Amino acid sequence: KQEVTQIPAALSVPEGENLVLNCSFTDSAIYNLQWFRQDPGKGLTSLLLIQSSQREQTSGRLNASLDKSSGRSTLYIAASQPGDSATYLCAVRRGDDKIIFGKGTRLHILP
Amino acid sequence: NAGVTQTPKFRVLKTGQSMTLLCAQDMNHEYMYWYRQDPGMGLRLIHYSVGEGTTAKGEVPDGYNVSRLKKQNFLLGLESAAPSQTSVYFCASSYRTAYNEQFFGPGTRLTVL
Numbered sequence: 001k002q003e004v005t006q007i008p009a010a011l012s013v014p015e016g017e018n019l020v021l022n023c024s025f026t027d028s029a030i031y032n033l034q035w036f037r038q039d040p041g042k043g044l045t046s047l048l049l050i051q052s053s054q055r056e057q058t059s060g061r062l063n064a065s066l067d068k069s070s071g072r073s074t075l076y077i078a079a080s081q082p083g084d085s086a087t088y089l090c091a092v093r094r095g096d097d098k099i100i101f102g103k104g105t106r107l108h109i110l111p
Numbered sequence: 001n002a003g004v005t006q007t008p009k010f011r012v013l014k015t016g017q018s019m020t021l022l023c024a025q026d027m028n029h030e031y032m033y034w035y036r037q038d039p040g041m042g043l044r045l046i047h048y049s050v051g052e053g054t055t056a057k058g059e060v061p062d063g064y065n066v067s068r069l070k071k072q073n074f075l076l077g078l079e080s081a082a083p084s085q086t087s088v089y090f091c092a093s094s095y096r097t098a099y100n101e102q103f104f105g106p107g108t109r110l111t112v113l
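Which chain is which? The protein sequence lines are X and A, in order.
Using the working numbering, you'd call the opening residue of the first sequence number 1 and step up by one each time.
Using the working numbering, you'd call the opening residue of the second sequence number 1 and step up by one each time.
For reference, chain A alone in the conformation it holds in the complex (with noise of 0.2 Å):
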């Protein structure tokens, strides 16, 4: 098993560009999260979805849009990026059961110019 991959793993923008980073599990899990990392303020929730079709928003999604289509796929858009959206991002994902462990993946490093 892949476990949680997370697509690109590098990128650059310009201000004002969009872009999309998607987020796959194989593990049939119900609930995804999308994560930005930044020093000193930790990780964030920016959005997060317990189960295909629903999303809902986590502590920092301003700026930030979210579907799940698919079960298996989160996927994190970036409409008009900002410069303050330069950060690591990070995708997890668990089940809906009471023991829901957070698996993440390797992470997204966006640098926004």
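Just chain X, with the same shape it has in the complex (with noise of 0.2 Å):
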């Protein structure tokens, strides 16, 4: 059965810094990994999505890399600021389409 995982539930960190965001899952016949955020009361907005056949992918200042053979998948966040607050989501998809998702880190950028 798979299992996604992401530690710590919620983190503070500082204006400013680089910070890292971990995911990781149980099995690693996965066909891809998304991350998303989710700002208070909202939906989930995708950030980047990694294929598994790939090792990484950016957007701005954002990098997600992916290792499958260890079940991991990291988010990279480049000068943090406080409009990165929000809280942090991975997603795996199965190869029969279903999608799992971890319960997130809670992100708070302290200015």
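In case anyone wonders, no lab produced these hints; they're calculated from the structure.
Wrong hints could be hidden among the right ones.
As the list claims (entries may be wrong) - Pairs of lysine to any residue, SDA-like flavour, derived with a Cα cap of 25 Å:
(1) X:Lys1 / A:Lys71
(2) X:Lys103 / A:Val88
(3) X:Lys42 / X:Arg106
(4) X:Lys98 / A:Asn65
(5) X:Lys68 / X:Gly95
(6) X:Lys98 / A:Thr15
(7) X:Lys42 / A:Thr111
(8) X:Lys98 / A:Leu113
(9) X:Lys68 / A:Thr97
(10) A:Lys9 / A:Gln85
(11) X:Lys103 / X:Pro8
(12) X:Lys103 / A:Thr15
(13) X:Lys103 / A:Val112
(14) A:Lys71 / X:Arg106
(15) X:Lys42 / A:Ala24
Said to hold, decoys possible - One side only, chain X facing chain A, incomplete, derived with CB under 10 Å:
(16) Tyr31
(17) Asn32
(18) Gly41
(19) Ala91
Source: prediction; values computed, not measured.
All C-beta atoms, glycine included, are put in the ideal place defined by N, C-alpha and C.
Assembly of the complex is requested from the two constituent chains, each provided in isolation within its own frame, with the hints serving as guidance.
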């Protein structure tokens, strides 16, 4: 059974710092992995999607990596800003198209 | 483009009542999904559809039914609502291609008394 874990559950860092969010999964037979952000009371916004054959994807200050063999993905945020404060979720897609989410990391950027 | 829309945004039901949540997308996506989000449990997949006329069970399908009669719409039904179904419900859609990024609707907050 695929399980997706995000540690830590919450993180506070000063503005301007670079930071890494972690996502681990138990079954390496994934189709792809997607990172989202969710603001309080809102829906999910897609940040990056990494195919199982890819190692990383970049968008602006965000960089996501994927290591299937170790069952890990990281989301790197450079030069953090208060507007980056949100909950960040990762989700893996299985070969049968079922999608499993982690419980998220609640990020707070301190001004 | 409106993207993914959900109707209604809020609803309060009494135990035993029924209702239908509507999800609509205008991106010509083949795949559609229904999730529920609960504190401490994260997002869990209820049902999904890989094309018009098809549906499949997700992680927590019990107590829900779905229909995909038109490609752009995915309906989630609660036949006899229970307090345990109090949650925020999200719909999402994606293409069938390899790069099948999911796009989410704004959510429906359902309370069952």
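Hints that the structure is at odds with (numbers, increasing): 1, 6, 8, 12 and 14
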